[in-house]
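Participant: Listed in order, the protein sequences are those of chains H and G.
The first sequence maps to residues 0 to 136 in numbering that gives the first Met the number 0.
The second sequence maps to residues 0 to 307 in numbering that gives the first Met the number 0.
Just so you know, these hints were derived from the structure itself, not from any lab.
By construction, the Cβ of each residue, glycine as well, lies at the ideal position given by its N, Cα and C atoms.
Hints may be right or wrong, so weigh each one.
So, partial list: chain H residues that the calculated Cβ filter (under 7 Å) puts toward chain G [unchecked claim]:
#: 1; residue: Asp28
#: 2; residue: Thr38
#: 3; residue: Ile43
#: 4; residue: Glu68
#: 5; residue: Val75
#: 6; residue: Val84
#: 7; residue: Leu108
#: 8; residue: Thr112
Simulated crosslink set (BS3-like; lysine-lysine; CA at most 27 Å straight-line) [stated by the list, open to error]:
#: 9; chain 1: H; residue 1: Lys6; chain 2: H; residue 2: Lys97
#: 10; chain 1: H; residue 1: Lys6; chain 2: G; residue 2: Lys180
#: 11; chain 1: H; residue 1: Lys6; chain 2: G; residue 2: Lys231
#: 12; chain 1: G; residue 1: Lys31; chain 2: H; residue 2: Lys106
#: 13; chain 1: G; residue 1: Lys31; chain 2: G; residue 2: Lys190
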Amino acid sequence: MTKLNLKLITPARTVLEEETEEVVAQTLDGEITILANHTPIVTILKPGELLIKNDNKATPLAVAGGIIEMFENTLVILADTAEHVKEIDLKRAEERAKELASKLKEKELLDITTYNSLSYTLARDRTRIEVFKKWRK
Amino acid sequence: MPANTKEVKQRLQSINNTKKITKAMELVAAAKMRKATESALATRSYHELAWAIVDRLLKSRLWFDSKSKVKRFFEEPKEVKHSTLIVFTSNRGLCGAFNANIIKLILPYLKEHGKENVEIITIGTRGAATITAMGAKIKLAYQKDDVAIDDTSINQAIEHSYYSFRNKKTDKVMVAYTDYKSALTQDAVLKQLYPFNKTSQVGLGKDDTGKMKTDETIKAPKTVEYLYEPDKYKLLDYLALRIGRAELYQALLESNASEHSSRMVAMKSASDAASDMADDLILLYNKARQASITQEIAEISAGTAAVS
Chain H
0 MTKLNLKLIT PARTVLEEET EEVVAQTLDG EITILANHTP IVTILKPGEL LIKNDNKATP
60 LAVAGGIIEM FENTLVILAD TAEHVKEIDL KRAEERAKEL ASKLKEKELL DITTYNSLSY
120 TLARDRTRIE VFKKWRK
Chain G
0 MPANTKEVKQ RLQSINNTKK ITKAMELVAA AKMRKATESA LATRSYHELA WAIVDRLLKS
60 RLWFDSKSKV KRFFEEPKEV KHSTLIVFTS NRGLCGAFNA NIIKLILPYL KEHGKENVEI
120 ITIGTRGAAT ITAMGAKIKL AYQKDDVAID DTSINQAIEH SYYSFRNKKT DKVMVAYTDY
180 KSALTQDAVL KQLYPFNKTS QVGLGKDDTG KMKTDETIKA PKTVEYLYEP DKYKLLDYLA
240 LRIGRAELYQ ALLESNASEH SSRMVAMKSA SDAASDMADD LILLYNKARQ ASITQEIAEI
300 SAGTAAVS
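Bound conformation, chain H alone:
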């Protein structure tokens, strides 16, 4: 099967740079699957699960929002954070999600920028929990 070049990059590090067969990502419009030689596309990545399939093996990752671009058989995924399921610290994510949720309850006190960034972080932690529960248990 022909493969595509995948670059998964976050501001902190290059998470993955490899050839793979199939990538399944969550976008604003829903789930998309990208195979080799997909037509050029730009789309918005939603916090959620990112599946990388290669040689009948699936690697699940939890990603936060970002951009996906496919161009000349190179798939660039720019995500704010990306973690392999093995790297997820469930306890920490749960604690933080709880704390954020309680902060967000007092939303009258927050300005719009803080509110947005808090709810964005919350979505990120909830994704971590979700992906962890799906693949580790």
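Position chain G relative to chain H; hints supplied.
Facilitator: Chain G in isolation, oriented as in the chain H frame:
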């Protein structure tokens, strides 16, 4: 020559004390520089790829509805009445010409566009103080994160500039920051953030030959037709804010790396100067001491000569 050994000794002491302080500051700056440089270099590849996407979009067949608000982000304005200037400086002084270089850079810009037409956002308190002293008004002022762990300190700045550009309150958004080249060279640069153009990229490391470093992904054929999801306008709008944030964050990291290395160099030369001065004073002190001994011996022998 001051024959007073006590005076010389006191000066020597105070110079040595100063040297201890500058040495300590040098070491602190060196440690911070290492961290700041690491994070600036780590985000460069993210940032380069983000920019490569915009670059490819600019080269693709991009056309807009005339009513679209997103259009502004991708086209040069016909005239620039109001502009926004984001200035990165340090929070504290004693870092050589770091702040002075930035101020020197933005002065011509302010003159050209008129102080009253430029809305200034400062990140770093030093710049805020100097700009106010020059008589320009500052719209928003933030502290700069000394060691930035995330983009919280620039979040409000980018959102403000994004919305005011989108709502046509400003025609251009510029960023003045210091580009980190190496521990010894940093360049103050003024770059255009919105609308996107070919010079907007922040922190593009040039190699020693002065040639641009190019990732193989940056080159693109002229006519690419992209598929946009959910739809073109929503996507480009999202992209404009996001890329803007990535650019500003990179500018922050580059500034941090530059600030700490320029402070380190400044403190190193201060310590060196103190060492030189102390050496001279020790010589002076010994000469004065010797002179007084010689004089005392002369006095004693003159005394014995008179008695005998």
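Participant: So, for every hint listed, does it hold in this structure?
Facilitator: Each hint, compared with the structure:
Look at H/Asp28: its Cβ gets to within about 5 Å of chain G, closer than 7 Å, so that hint holds up. The closest approach between the C-beta of H/Thr38 and any C-beta of chain G is roughly 6 Å, which is under the 7 Å cut-off, so the hint is satisfied. At a threshold of 7 Å, the smallest CB-CB gap from H/Ile43 to chain G is about 6 Å, leaving the interface hint in force. The restraint placing H/Glu68 at the interface with chain G holds, with a minimum CB-CB distance near 5 Å, inside the 7 Å limit.
Because the closest C-beta pair between H/Val75 and chain G is about 5 Å apart, less than 7 Å, the hint holds. Annotation: interface hint on H/Val84 violated; nearest CB of chain G at approximately 22 Å, more than 7 Å. Because the beta carbon of H/Leu108 sits about 17 Å from the nearest beta carbon in chain G, more than 7 Å, this interface hint is broken. For H/Thr112, the shortest C-beta to C-beta distance to chain G is roughly 5 Å, which falls under 7 Å, so the interface hint holds.
Between H/Lys6 and H/Lys97 the CA atoms are separated by roughly 32 Å; this puts the pair beyond 27 Å, and the hint is violated. For a cut-off of 27 Å, the pair hint linking H/Lys6 to G/Lys180 stands: about 26 Å separates their Cα positions. For the suggested pair H/Lys6 and G/Lys231, the alpha carbons sit about 23 Å apart, so the restraint of at most 27 Å is met. A threshold of 27 Å between alpha carbons decides the hint, and for G/Lys31 with H/Lys106 the separation of about 36 Å lies outside it, so the pair is violated.
Distance hint between G/Lys31 and G/Lys190 is fulfilled; the C-alpha atoms sit about 26 Å from each other, no more than 27 Å.
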